[in-house]
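Order-wise, the sequence lines are chains V and Y. Under our numbering, the first sequence has 140 at position 140, and the numbering climbs by one with no breaks. Under our numbering, the second sequence has 45 at position 45, and the numbering climbs by one with no breaks.
Think of the hints as simulated: they come from the structure by calculation, not from any bench. No residue lacks a Cβ here, since even glycine has one placed at the ideal position from N, Cα and C. Some hints could be false.
[As the list claims (entries may be wrong)] If you only want the chain Y side, here are some residues facing chain V, beta carbon under 8 Å, derived:
1) D117
2) G145
3) K173
4) M177
5) T178
6) F182
7) S184
8) E211
9) T213
10) T341
11) R344
12) L345
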Amino acid sequence: MIGRAWVLLSMILMVAGLPVFAWAQMDHPKKNKNVDHSDHGMILDREGMVMNHNPDQLPEDCDAVSSDVQIDVRVGTKFARTGLTFGYSQHEWRVAPCSRLNITFVNEDQVRHQWMVHGLPKYLYPQGMFHLEVNGGFRKSASFIVSSDDATLLVHCDISHHMEQGLKGQIVVGGGALDIPGIPGLYAPLFPDKYP
Amino acid sequence: MKVGFLIAALACVGLGVYTVPTSILPPSLVDDYFVTFGAQPYLEAPPAIDPEIALIDMDAICPAYLRPWKAAQQIENVAVAASPDCLPDNPWEVAASVLGTNNVTPHTLMQTLFGKDTVEKFDDRDGDGDPDVITIRLEVMELNGRSPDMPDVIPQFEIAPGITPGLWVFAPKGRGMTTVNFESPVANRLVRLPAPVLRVEQGDEIRLVLENTHYLPHTIHLHGVDHPFENANGDGNDGVPIFSEQATQPGDAKTYVFTPRKAGTAFYHCHVQPQSHILMGLQGMLIVEENRPNNWVQTLNIGGGRVRAPSKAVGAIYDREYDLHYADLDEDLNDRIKRYTDPRLVSREIHRKYNIAERTEEFHTLNGRSFPYTLQESLVVVEPDERIKLRVLNGGASGVALHLHGHKSTGTHQDGVPIAAEARAQRDVFWLASAQRLDLDLNTTNDGLNSYGPGAWLMHDHKEQGITTAGMNPGGNIGVLVYGDYLDAHGLPKTVTGLDSIVPYFSPAYYRGEIPVFAGTDPDNRYGDPARPRTWSLRSILFALSILGMVVFLSLAQRAGRRGSL
Chain V
1 MIGRAWVLLS MILMVAGLPV FAWAQMDHPK KNKNVDHSDH GMILDREGMV
51 MNHNPDQLPE DCDAVSSDVQ IDVRVGTKFA RTGLTFGYSQ HEWRVAPCSR
101 LNITFVNEDQ VRHQWMVHGL PKYLYPQGMF HLEVNGGFRK SASFIVSSDD
151 ATLLVHCDIS HHMEQGLKGQ IVVGGGALDI PGIPGLYAPL FPDKYP
Chain Y
1 MKVGFLIAAL ACVGLGVYTV PTSILPPSLV DDYFVTFGAQ PYLEAPPAID
51 PEIALIDMDA ICPAYLRPWK AAQQIENVAV AASPDCLPDN PWEVAASVLG
101 TNNVTPHTLM QTLFGKDTVE KFDDRDGDGD PDVITIRLEV MELNGRSPDM
151 PDVIPQFEIA PGITPGLWVF APKGRGMTTV NFESPVANRL VRLPAPVLRV
201 EQGDEIRLVL ENTHYLPHTI HLHGVDHPFE NANGDGNDGV PIFSEQATQP
251 GDAKTYVFTP RKAGTAFYHC HVQPQSHILM GLQGMLIVEE NRPNNWVQTL
301 NIGGGRVRAP SKAVGAIYDR EYDLHYADLD EDLNDRIKRY TDPRLVSREI
351 HRKYNIAERT EEFHTLNGRS FPYTLQESLV VVEPDERIKL RVLNGGASGV
401 ALHLHGHKST GTHQDGVPIA AEARAQRDVF WLASAQRLDL DLNTTNDGLN
451 SYGPGAWLMH DHKEQGITTA GMNPGGNIGV LVYGDYLDAH GLPKTVTGLD
501 SIVPYFSPAY YRGEIPVFAG TDPDNRYGDP ARPRTWSLRS ILFALSILGM
551 VVFLSLAQRA GRRGSL
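All chains, please: the whole structure from these sequences, using the hints.
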């Protein structure tokens with residue numbers, strides 16, 4: 001009788017323990033006691049937020065990660081071009097199809113900034129986006145893998161008027177597609193100021 | 001030949017005199033004309049045009065997905081009062097404002113748009129069961145500003161249907177996008193007019209952090225709330241550029257520290273170029289609640305209005321509490337930010353080209369919006385035999401003559417200071433000068449003085465300009481003091497003529513002056529726009545022919561005379 005109970009208890013523990021084991025084996029972007037939440041691909045803590053971190057799930061059209069690209073982006077008023085308020089340290093990144101981009105985003109201001117990518121495959125990245133958001137004075141790192149298509153992806157900060165004030169860039173995958181207007185230092189906006 | 005032409009010309013003159021429209025005759029000749037020729041035939045007035053009123057989308061006005069937010073609910077250990085408004089405040093944001101974003105569970109935080117550090121509450125220094133060190137982080141956001149990427153303004157916030165003045169606001173530090181999503185240009189619910197109501201407890205150490213996310217320098221001045229001129233570390237603390245500190249530059253942050261010794265309704269606003277910045281929207285209510293044990297106050301009341309988690313002191317006396325923030329806007333100032341992106345050009349427009357001496361006010365807001373949007377989220381909902389605390393701020397450049405129909409309320413505090421009992425006045429109109437605050441004790445006892453009984457009673461500025469939007473009424477800061485029995489299933493006030501009567505007011509065309517004012521209550525269209533009259537009637541054609549004939553025959557007669565032909 002006691003032996004049966006032990007078998008039953010062991011089975012219950014195994015079944016209950018599987019999800020915990022699986023979770024422990026997953027590659028988490030940052031195991032930090034301050035991390036509050038990892039639901040819906042979101043990590044939110046006092047330093048900022050990461051959405052849709054993806055270091056290992058390949059897009060359907062990629063057989064393997066073609067290359068690892070380390071991108072260090074700094075952001076702040078010190079990088080602003082004339083007539084703008086904010087800037088990234090770089091506004092265009094060219095990568096090969098199926099690359100894994102490992103982003104470190106360093107905020108040199110004392111206010112919140114974002115490095116948000118749009119146009120990724122929605123089956124892999126909810127809303128087609130990858131998002132790094134960092135409070136003033138902090139840095140965050142995360143990764144994502146681009147698909148095999150030639151594409152030009154918008155990068156921006158969506159805090160009110162930060163994109164309009166200079167936080168706009170593009171990732172060119174392979175040969176790229178149409179360039180994005182209004183990239184500081186690269187392309188004019190569609191509706192530039194008319195200087196009186 | 002010539003005589004023949006002259007006779008024909010004379011006949012034309014006669015026809016012309018007979019058919020001349022009396023409307024073009026000098027008034028002195030009209031009687032003579034009538035005596036000579038008799039009355040002209042009756043002309044039917046042009047028919048009325050059916051106004052083009054867009055069909056109302058009730059789900060856009062009172063979205064169904066927000067219904068669960070209305071109920072009274074317990075979130076963690078916070079009792080969030082019911083809110084029947086059709087746009088109720090997010091109950092998790094209420095709870096997180098009470099407990100602090102650092103103290104709520106991840107689940108609660110995820111239901112809000114706050115960051116982890118938006119409101120942090122620490123240290124029960126006096127051991128009375130509530131935190132005594134509070135950090136509040138505010139960002140500076142632009143609404144309806146210029147985009148170099150598209151012709152529309154971004155991010156968008158309507159104060160009334162189709163009305164999107166350029167605005168600057170303090171917003172609670174958020175997370176994620178400022179817009180509701182990547183496909184939408186509309187601002188999320190945290191980024192709005194007015195700046196959030198800040199609610200703190202007397203004696204707490206408040207660290208108010210200004211994170212200047214905007215492209216121009218700003219400060220926060222703590223108007224009417226106890227604060228030292230300098231912080232303990234010697235930093236300026238009064239928010240006045242040059243006198244107390246340098247303005248906080250874009251990308252920088254500044255912490256104001258104060259421990260208010262007195263309770264009361266106060267005001268906070270930017271003090272950089274105040275003739276522009278305050279009136280661009282950088283202003284909000286700052287309320288110091290009386291110190292009580294276990295007093296967890298609702299630090300942020302987004303958009304003002306109903307306080308869903310009142311403080312201990314207010315809850316002990318009053319059944320309900322509402323924050324009412326009045327303001328006015330000058331389109332000429334506000335829309336200057338729609339002209340340029342370059343901060344140098346915007347600064348020149350706002351600070352040098354705008355002349356406040358020429359100020360006019362086209363828009364008047366209650367809690368950041370004008371009628372009919374005030375019906376969605378700024379109703380003062382009451383029940384009989386209650387006492388309601390109304391905290392009122394006028395942040396506009398003009399005074400507000402606040403009139404509550406059907407009630408006479410009592411002013412209890414002015415500018416945060418209690419009014420002596422013998423000096424308290426019970427009135428139906430209260431005047432608020434610019435920057436003034438007034439606390440009102442509204443008693444809904446139906447005794448012919450405090451209240452005339454249940455109803456949907458209008459609540460509005462009796463300076464009549466205040467109840468207009470771009471000159472159109474009803475608009476402006478019209479609100480409604482409404483008893484529960486007079487609310488419909490959506491949370492809108494019942495009207496005697498039904499919902500259809502207010503449909504036209506939700507159309508941008510109404511505030512462009514394109515819809516007749518009685519369109520919703522005039523089924524026979526008696527006061528609508530008449531169609532354009534027929535340009536040509538038989539009489540007018542004959543009159544025109546007579547003029548033409550007269551000219552033609554006279555010229556023929558002249559030509560015949562030159563040839564010598566009779």
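Would the hint on E211/Y be counted as holding, given a Cβ-Cβ threshold of 8 Å to chain V? 4 Å, holds
Hint check: is the beta carbon of R344/Y less than 8 Å from a beta carbon of chain V? 7 Å, holds
At a threshold of 8 Å, is the proposed contact between D117/Y and chain V supported by beta-carbon distances? 5 Å, holds
Minimum beta-carbon distance criterion (8 Å), S184/Y to chain V: Violated: closest Cβ of chain V sits about 11 Å from S184/Y, beyond 8 Å.
Hint check, K173/Y versus chain V [nearest Cβ-Cβ separation less than 8 Å]: Nearest chain V Cβ about 7 Å off; hint holds.
Do the numbers back the hint for M177/Y, that is, is its least Cβ distance to chain V under 8 Å? Since chain V brings a Cβ to about 4 Å from M177/Y, closer than 8 Å, the hint holds.
Does T178/Y pass the interface hint, meaning its C-beta sits closer than 8 Å to a C-beta of chain V? Result: holds, 4 Å to nearest chain V Cβ.
Does G145/Y pass the interface hint, meaning its C-beta sits closer than 8 Å to a C-beta of chain V? 6 Å, holds
If you take the shortest Cβ to Cβ gap from T341/Y to chain V, is it below 8 Å? Check passed: Cβ of T341/Y comes within 5 Å of chain V, closer than 8 Å.
F182/Y as an interface hint toward chain V, with CB separation required under 8 Å: 6 Å, holds
Proposed interface contact between L345/Y and chain V, which counts if any beta carbon pair is under 8 Å: Because about 6 Å separates L345/Y from the closest Cβ in chain V, which is inside the 8 Å limit, the hint holds.
Please verify that hint: T213/Y, Cβ, nearest Cβ of chain V, below 8 Å or not. 5 Å, holds
Going through the hint list in order, the structure does not satisfy hint 7, though it satisfies all others.
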